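Line by line, the protein sequences give chains A and B.
Residue numbers for the first sequence follow this note's numbering, so the first one is 1 and each next one is one higher.
Residue numbers for the second sequence follow this note's numbering, so the first one is 1 and each next one is one higher.
The set of hints was computed from the structure by calculation and includes no laboratory data.
From a predicted model like this one, the values you see are computed outputs, not experimental measurements.
Built from N, CA and C at the ideal position, the CB exists for glycine as well.
Hints are not guaranteed to be accurate.
What the hints assert, rightly or not - Calculated lysine-lysine pairs in the PhoX-like style (CA-CA distance at most 25 angstroms, straight line):
# : chain 1 : residue 1 : chain 2 : residue 2
1 : B       : 210       : A       : 42
2 : A       : 27        : B       : 210
3 : B       : 165       : A       : 3
Stated by the list, open to error - These stretches of chain B come out as covered by chain A in the derived footprint (C-beta under 8 angstroms, 3 or more residues):
# : stretch
4 : 94-105
5 : 201-211
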Amino acid sequence: MSKGQKTNWLLLGGVALLVAWPLLFVKGDFEGADAQAGELVKELSPDYTPWAEPVFEPASSEIESLLFALQAALGAGTIGFIFGGYHERRRQQRQTSTSTTSKEPLP
Amino acid sequence: MIKSSHAKRYGSLGAIALLTMYLVVASPNPAFAMHISEGFLPLGWALGWWLVFLPFLGGGLWALQRQLKRHPESRVLLALAGAFAFVLSSLKIPSVTGSCSHPMGIALGATLFGPLVMTVLGTFVLLFQALLIAHGGLTTLGANGFAMAVVAPWVAWGTYQGLKKLTQRQGIALFAAAVLSNLVAYSLTAFQLALAFPHSDGGVVLSFAKFAALFAITQIPLAISEGLLTVLMGNWLLTYCLEELEVLQWRGGHTSHE
Numbered sequence: 001m002s003k004g005q006k007t008n009w010l011l012l013g014g015v016a017l018l019v020a021w022p023l024l025f026v027k028g029d030f031e032g033a034d035a036q037a038g039e040l041v042k043e044l045s046p047d048y049t050p051w052a053e054p055v056f057e058p059a060s061s062e063i064e065s066l067l068f069a070l071q072a073a074l075g076a077g078t079i080g081f082i083f084g085g086y087h088e089r090r091r092q093q094r095q096t097s098t099s100t101t102s103k104e105p106l107p
Numbered sequence: 001m002i003k004s005s006h007a008k009r010y011g012s013l014g015a016i017a018l019l020t021m022y023l024v025v026a027s028p029n030p031a032f033a034m035h036i037s038e039g040f041l042p043l044g045w046a047l048g049w050w051l052v053f054l055p056f057l058g059g060g061l062w063a064l065q066r067q068l069k070r071h072p073e074s075r076v077l078l079a080l081a082g083a084f085a086f087v088l089s090s091l092k093i094p095s096v097t098g099s100c101s102h103p104m105g106i107a108l109g110a111t112l113f114g115p116l117v118m119t120v121l122g123t124f125v126l127l128f129q130a131l132l133i134a135h136g137g138l139t140t141l142g143a144n145g146f147a148m149a150v151v152a153p154w155v156a157w158g159t160y161q162g163l164k165k166l167t168q169r170q171g172i173a174l175f176a177a178a179v180l181s182n183l184v185a186y187s188l189t190a191f192q193l194a195l196a197f198p199h200s201d202g203g204v205v206l207s208f209a210k211f212a213a214l215f216a217i218t219q220i221p222l223a224i225s226e227g228l229l230t231v232l233m234g235n236w237l238l239t240y241c242l243e244e245l246e247v248l249q250w251r252g253g254h255t256s257h258e
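Using the sequences and the hints, build the whole thing.
In structure tokens form, the structure reads like this:
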């Protein structure tokens, strides 16, 4: 494994740890921080009423998570597609260059 | 020899697949965070932030058009930067405070294309979330856009440029840019709420302390996660897209990649 690859796995591992740690060791309901912000607004100015409603509100939290998943899938799919293309391009470039230049022996 | 180069190839493909999977699997969690919700800013503030935000959006559209005209080939990386922001802002990640919040992923694009271009991409993400997920809102888009699509990319870009000159290490500069831009965006959101809803005794300062307390600690581990993922993306870019990065003059000095 090259140094760069090792770094990448370490980076992913770090993220996984940061996500798993609170789930394992913190007791909480894991509600969103802007719901809490809304509560704080009510506490600071009890008279305030939100004067606009969202144009479209997902019918349930299931639908909402569907839309969030859609957002993630669109983004992740694009990333995968683009890197997939670049990956193949690099592979082909390497293949053509190995035929002309000598390549250092791989371990 | 052929075998180990195969192994290497599958290794990096595997890493991409894993991240993609992680990004998809980790996302569906109904609790969310970060934006000022629809209608939660008084009319005056909502309008005011819109007015501040609009010139930057205009500048962003101009910069984006210029970028595409000068370097049409960079639109693939542009899509990549947009997709990264799209994914990261859909991930609600649990944090040490027992609540959830999400990263933004705006820093990568800001270092690649400059802050103005990222204003457009960031606004697109915010608009998607406001219209489809009732996350944030149209009345508060000015305020949210200013924090997350204007100030955050400028902070990311400035941090990246400064630290890269200072340390000559692209990885460190990228990490710091992502972490800082994330934290600044949240602090600014807290400040915007505090300005609109000052505490009856302690005024804006106390109110800010209260709003910031909601976000601050929650946000630190997430900012670090965002930093790590941004560096990972940077490493992949340096592995696969050197030609394109050359055009954007992204590479220079030492890099985090060997």
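Hint check results:
1. B:210 / A:42: holds, 13 angstroms
2. A:27 / B:210: holds, 22 angstroms
3. B:165 / A:3: Judged against 25 angstroms, a Cα distance of about 24 angstroms means the pair holds.
4. 94-105: holds (count 8)
5. 201-211: Three-residue rule met by the stretch 201-211 of chain B, so holds; n is 3.
Comparing the model with each earlier hint shows no violations; every hint is respected.
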